[in-house]
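Q: Sequence:
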Amino acid sequence: SQMSFNILIWVNQTNSVGHESVFQIVYYVEVAIILFILLSVPVAIIAVWRAVPMHANTRCIYIAFLLHYFLASVARISLIYHQAYGQSMDEYYTLYLHFSIQSAFTLVGYLAFALVFLVNWLLMGRYKVRLPSNQYNVNRNYQLRENLMVMKTLSKLVLMTPFIYIPPFSFFWLSFMVREQFLQCLFKAFFDLGISIFTAALIVRLLTADKRFEKGLRSIAAFDKLYKCRATEQSS
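My numbering puts the first residue of the sequence shown at 855, with every later residue one more than the last.
Bear in mind the hints are in silico, worked out from the structure with no lab data behind them. It is possible that some hints are incorrect.
[What the hints assert, rightly or not] Below, in silico cross-link-like pairs of lysine-lysine (DSS-like), each with a Cα-Cα straight-line distance of 30 Å or less:
1) Lys1010 - Lys1065
2) Lys1065 - Lys1006
3) Lys1069 - Lys1010
4) Lys1082 - Lys1069
5) Lys1069 - Lys1079
6) Lys1079 - Lys1065
7) Lys1069 - Lys1006
8) Lys1006 - Lys1079
9) Lys1010 - Lys1082
10) Lys1065 - Lys1082
[As the list claims (entries may be wrong)] Pair ranges (Cβ atoms, derived):
11) Val1032 - Phe959: 23 to 33 Å
12) Ala1085 - Ser954: 43 to 53 Å
13) Phe1017 - Ala926: 17 to 27 Å
14) Tyr935 - Gly963: 29 to 39 Å
15) Ala926 - Trp903: 18 to 28 Å
16) Ala886 - Leu969: 32 to 42 Å
17) Val973 - Lys1079: 41 to 51 Å
These numbers were taken from a predicted model, which means no experiment stands behind them. Beta carbons: idealized from backbone N, C-alpha and C, even for Gly.
Make the full structure from the sequences, and use the hints.
A: Quick look at the structure:
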């Protein structure tokens, strides 16, 4: 079958003959990062679960976020295996359509996030607790504060996303700019590696985006010792 580009499968033995060792090194590094992700997600879930004070619904939002990355990383392992040992495959011309859809939904997502945040912020003034106040205003004000708290934490992830997207997608566009097949495949491999680094960076950023997550992380004895060692080094 005719070889073409596909968003999920970039490099296999068919188009990396003579340079297998280079791609093996890249994918060994990616597997190591994926294993870091798989090990860090359970720790992150424990930290989120023990973060206080935090509403149960809010915890579920962050845990769903972490589980999504865990499942995505597990699925990526099977693709790396196919890239390393696959001989040939059927592929389809879906790349441009995929990135057009992805770009459109990303733009809509940013606008929707900003709109929801603005609406909650404006409603805070309407339902501000004053004396005398009724129970509805109190409950509504609490819910709006909780919504804003969640969105402020998520905004730290949203704002850094474009910056950590730049390196992997730079390799992606470089693969179109060069004509040599080896460099095309190498840049695609670096793109895959960059996506794994992107996922790991988001997990680490989530745990540092809110002091309550850090407190939840310190509830684990091993991490509490690391924090104490860091504090000792800074004080000395």
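Q: It remains to establish, for every hint, whether it holds in the given structure.
A: Consistency of the hints with the structure:
1. Lys1010 - Lys1065: holds (13 Å)
2. Lys1065 - Lys1006: Given that 30 Å is the threshold and the Cα spacing comes to 13 Å, the pair holds.
3. Lys1069 - Lys1010: Holds, at about 18 Å.
4. Lys1082 - Lys1069: OK: Lys1082 and Lys1069 at ~12 Å, within 30 Å.
5. Lys1069 - Lys1079: Judged against 30 Å, a Cα distance of about 13 Å means the pair holds.
6. Lys1079 - Lys1065: Since the Cα atoms of Lys1079 and Lys1065 sit roughly 17 Å apart, the hinted pair holds (cutoff 30 Å).
7. Lys1069 - Lys1006: Given that 30 Å is the threshold and the Cα spacing comes to 18 Å, the pair holds.
8. Lys1006 - Lys1079: holds (29 Å)
9. Lys1010 - Lys1082: holds (26 Å)
10. Lys1065 - Lys1082: Holds - the C-alpha atoms of Lys1082 and Lys1065 are around 16 Å apart, at most 30 Å.
11. Val1032 - Phe959: 23 to 33 Å: For Val1032 and Phe959 the Cβ distance comes to about 29 Å; the hint holds.
12. Ala1085 - Ser954: 43 to 53 Å: Holds - the Cβ-Cβ distance for Ala1085 and Ser954, about 49 Å, lies within 43 to 53 Å.
13. Phe1017 - Ala926: 17 to 27 Å: holds (20 Å)
14. Tyr935 - Gly963: 29 to 39 Å: Given range 29 to 39 Å: holds, Cβ gap about 31 Å.
15. Ala926 - Trp903: 18 to 28 Å: holds (21 Å)
16. Ala886 - Leu969: 32 to 42 Å: For Ala886 and Leu969 the Cβ distance comes to about 40 Å; the hint holds.
17. Val973 - Lys1079: 41 to 51 Å: Because 44 Å falls inside the window, the suggested range holds.
In the structure shown, no violation is registered for any of the earlier numbered hints.
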